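Chemist: The primary structure of each chain is shown beneath.
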Amino acid sequence: MNLSLVERFKTGLARSKEGFLRRLDHLFRGGELDDEFYDDLEETLILGDVGVEASLKLVEKLRLESKRRKVRERGQAREILVQEIAALLAGAAEPVKPAGEPLVILLVGVNGSGKTTTAAKLAHRYRQEGREVLLVAGDTFRAAAVEQLQIWAERAGAALIKQQPGSDPSAVFFDALQAARARHIDVVIGDTAGRLHTRTNLMEELKKINRVIDRVQPGAPHCVLLVIDATTGHNGIAQALHFNEAVPVTGLVLTKLDGTARGGIVVGIQDILKVPVCYVGIGEKIGDLLPFAADDFARALLA
Amino acid sequence: MFASLAEKLQNTLRRLRGKGKLSEKDVDLALREIRLALLEADVNFKVVKDFVVGIRERAVGEEVRRSLTPGQQVVKIVHEELTALMGREQSKIILSGSPAVVMLAGLQGSGKTTTAVKLAVNLSRSGRKPLLVAADTYRPGAAEQLQVLADTAELPCYRNDGAAPLQICREAVRLAEREGYEPVILDTAGRLHLDDAMMDELKTIKAQLKPAELLLVVDAMTGQDAVNAASAFHEALGLTGVILTKLDGDVRGGAALSVRTVTGCPIKFAGVGEKIDALEPFHPERMASRILGMGDLLTLIEKAEAGFDQEKARQLEQKLRRQEFTLDDFLEQLQQVRQMGNMEDILAMLPAAQVPKDLQRLQVDEKQFGRIEALITSMTPQERNNPAIINSSRRRRIAGGSGNTVQDLNRLLSQFSQMKKLFKQVGSMEKKGFKHIGKGKRGFPFF
Ligand SMILES: Nc1nc2c(ncn2[C@@H]2O[C@H](COP(=O)(O)OP(=O)(O)OP(=O)(O)O)[C@@H](O)[C@H]2O)c(=O)[nH]1
Ligand SMILES: [Mg+2]
Numbered sequence: 001m002n003l004s005l006v007e008r009f010k011t012g013l014a015r016s017k018e019g020f021l022r023r024l025d026h027l028f029r030g031g032e033l034d035d036e037f038y039d040d041l042e043e044t045l046i047l048g049d050v051g052v053e054a055s056l057k058l059v060e061k062l063r064l065e066s067k068r069r070k071v072r073e074r075g076q077a078r079e080i081l082v083q084e085i086a087a088l089l090a091g092a093a094e095p096v097k098p099a100g101e102p103l104v105i106l107l108v109g110v111n112g113s114g115k116t117t118t119a120a121k122l123a124h125r126y127r128q129e130g131r132e133v134l135l136v137a138g139d140t141f142r143a144a145a146v147e148q149l150q151i152w153a154e155r156a157g158a159a160l161i162k163q164q165p166g167s168d169p170s171a172v173f174f175d176a177l178q179a180a181r182a183r184h185i186d187v188v189i190g191d192t193a194g195r196l197h198t199r200t201n202l203m204e205e206l207k208k209i210n211r212v213i214d215r216v217q218p219g220a221p222h223c224v225l226l227v228i229d230a231t232t233g234h235n236g237i238a239q240a241l242h243f244n245e246a247v248p249v250t251g252l253v254l255t256k257l258d259g260t261a262r263g264g265i266v267v268g269i270q271d272i273l274k275v276p277v278c279y280v281g282i283g284e285k286i287g288d289l290l291p292f293a294a295d296d297f298a299r300a301l302l303a
Numbered sequence: 304m305f306a307s308l309a310e311k312l313q314n315t316l317r318r319l320r321g322k323g324k325l326s327e328k329d330v331d332l333a334l335r336e337i338r339l340a341l342l343e344a345d346v347n348f349k350v351v352k353d354f355v356v357g358i359r360e361r362a363v364g365e366e367v368r369r370s371l372t373p374g375q376q377v378v379k380i381v382h383e384e385l386t387a388l389m390g391r392e393q394s395k396i397i398l399s400g401s402p403a404v405v406m407l408a409g410l411q412g413s414g415k416t417t418t419a420v421k422l423a424v425n426l427s428r429s430g431r432k433p434l435l436v437a438a439d440t441y442r443p444g445a446a447e448q449l450q451v452l453a454d455t456a457e458l459p460c461y462r463n464d465g466a467a468p469l470q471i472c473r474e475a476v477r478l479a480e481r482e483g484y485e486p487v488i489l490d491t492a493g494r495l496h497l498d499d500a501m502m503d504e505l506k507t508i509k510a511q512l513k514p515a516e517l518l519l520v521v522d523a524m525t526g527q528d529a530v531n532a533a534s535a536f537h538e539a540l541g542l543t544g545v546i547l548t549k550l551d552g553d554v555r556g557g558a559a560l561s562v563r564t565v566t567g568c569p570i571k572f573a574g575v576g577e578k579i580d581a582l583e584p585f586h587p588e589r590m591a592s593r594i595l596g597m598g599d600l601l602t603l604i605e606k607a608e609a610g611f612d613q614e615k616a617r618q619l620e621q622k623l624r625r626q627e628f629t630l631d632d633f634l635e636q637l638q639q640v641r642q643m644g645n646m647e648d649i650l651a652m653l654p655a656a657q658v659p660k661d662l663q664r665l666q667v668d669e670k671q672f673g674r675i676e677a678l679i680t681s682m683t684p685q686e687r688n689n690p691a692i693i694n695s696s697r698r699r700r701i702a703g704g705s706g707n708t709v710q711d712l713n714r715l716l717s718q719f720s721q722m723k724k725l726f727k728q729v730g731s732m733e734k735k736g737f738k739h740i741g742k743g744k745r746g747f748p749f750f
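Protein chains in written order, with the working numbering: chain A, 1 to 303; chain B, 304 to 750.
Hint data in this document are derived by calculation from the structure and do not stem from the laboratory.
All values derive from a computational prediction rather than experimental measurement.
Be aware that one or more of the hints could be misleading.
Label pairs and their in silico Cβ distance ranges [unchecked claim]:
1. A:Glu204 / B:Ser717: 19 to 27 Å
2. A:Ile80 / B:Asp499: 34 to 42 Å
3. B:Asp353 / A:Asp35: 30 to 38 Å
4. B:Leu469 / A:Gln76: 52 to 60 Å
5. B:Lys328 / A:Asp34: 18 to 26 Å
6. B:Arg335 / A:Asp34: 16 to 24 Å
7. B:Ile397 / A:Arg72: 58 to 66 Å
8. B:Val356 / A:Ala93: 47 to 55 Å
9. A:Glu204 / B:Pro684: 28 to 36 Å
10. A:Ile80 / B:Asp580: 47 to 55 Å
11. B:Arg700 / A:Pro95: 48 to 56 Å
12. A:Lys208 / B:Ser427: 32 to 40 Å
Where a beta carbon is used, it is the ideal one built from N, C-alpha and C, also for glycine.
Can you build the whole structure from these sequences, using the hints too?
Modeler: Listed below in structure tokens is the structure:
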């Protein structure tokens, strides 16, 4: 992996830590495991958008676990929690390309979460590995969505399949998958229009896209990545539930982690969906995508 | 959620009644429920803390102790205080200067471009001649997006791809002066508040163009981080207001309270859909209801009133009160509801706990609507008046006659009876001390 990226990720994380570092340093360095300690921990988790329910649950579990293991020190207790959260979120494996067929990745999520940019970043990643990549302009709804992806496709050196604005997105995917076979494409990455999960008809549209993909290439899409903005609050849970109901989500992408938000809602989402976080977005450039590092993330969340 | 918060508080506070002195523990328990409810609505942790301290005094006061329903009373107090915090009154946009400049700023993906167009549409409908300016030179396709949307709305859009944002804005103002456009609405690129260079760019634009309004566009789904971003933008730029976006979903929108509290700036508009006219004035009271999970009844009522025949609505209301609501009325309702917008939107505005599961899934798309219409019109007048008489042979006849399955019919009948129940619940909620919600606004057909 590119070292400078890791560095950048770390600075990103470091920045988001800043405010908490001092207070928590004192919190964990010494002192007993008293109510104040657990309350502060709860506060930290909630401030990181882990969500009320998940935060209370985690802290309660830590209480029991610390007691069971006779842990006395704050630093030790914190490490247990870090491991707990990291274990919850880990487990993403690089998807394997099926033999003789393209790997098909579908990006879904609410408006503005970062789907198109993530599609481009993924395309770039696979291009760097020497793969032939096809981007699918599946957002036929939003103004200039196709133009946006087209510019990214050029930058990434990926092929693009598109249709007229307003056309049926599943038709675009139908075309794209046929083209992918004919052109011996390795990876197909599908962008979709942003949609609020409460819009039933748009969720139906997503189901249809999924069905059409599966019809052209049985077993596809292999990855359905739900793109979540790190600033998202509790609504992320509802997003996860509804999107997963429409198209079985296989993993999460957490974007905009280069800001001050810590993206803790993925902990709550994981609690429900049991899918790993696969990638994190740490900027607007094409290289600003990293595989998810559960341990670093958990530490940053508690720091 | 409102129901459950009120219930929880009711249980906690029941013991308070009649007692001369309140125990610390009772009060703390009640405040804890409030705290959790606000946190679940994504109000910032620190904002909640301060807020709850403020509530405490009133919560232990006479008005609660005397009340027969202390739980409801506390919710009412919380609701009032939330409303007060968010500004009580609606805050209007200020357009001074010639030409007036309105500048939008915000994080990436918050919805600035769409909001710029919505704002322009809104202002042009009130007689202005707005000019949209594509000052986002960073995100691929951003200028094109603004242009396409402006074209759709038949509004002018200034772009000069390749030039620097400041230059584009200056040129746009000159154009506006020449052509008499006003206000000039600047769509700037999304940026992180941590990005000094990008924040400096906004500072310069502000210093040069002296906008009458500098509005922060905030995604209603934002969690705890809303305070960080908002206060950083405010510190750097001196905001004049906020626009909340994506309020059309099921989000509780506690970010509204957080942002308002840390910036002190009024929230001026709310985005409620992807269409270019889906922008509404912000109503603090309704937002308070929403944060507490009480649903956005007022908006619903207003929408209904805009789209409904008052006299018909009044008749219907009486029928509902007398439980005489028939399938004919149901059909008519659906026809009217369709004019109001999406069924999902409408249901999203109702208090979550009040909406039965089956109804949450009710979809009124064209196809389903046609089916319902066919089913109901295949019934005899007696059947429409009294669905209870529809036995299995009638079911087969109606289904067959309308080209549907018996399952389709069963689903319709179950939805109909659910809906009747819903009316009953909402009606009784009105009685339970939330009269102010619909005060002077009678005749909403759902009640
Ligand atoms: N800072 C930062 N910005 C990001 C990141 N990912 C995406 N963005 C920005 O977020 C904004 C929205 O990204 P898009 O990729 O267009 O989001 P989308 O989900 O495709 O949006 P819609 O198609 O409109 O629903 C753009 O300005 C991106 O540059 C990230 O990891 N960090
Ligand atoms: Mg997109």
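Chemist: In ascending order, which of the hints set out earlier in this document are inconsistent with the structure?
Modeler: Of the numbered hints, just 3 does not hold.
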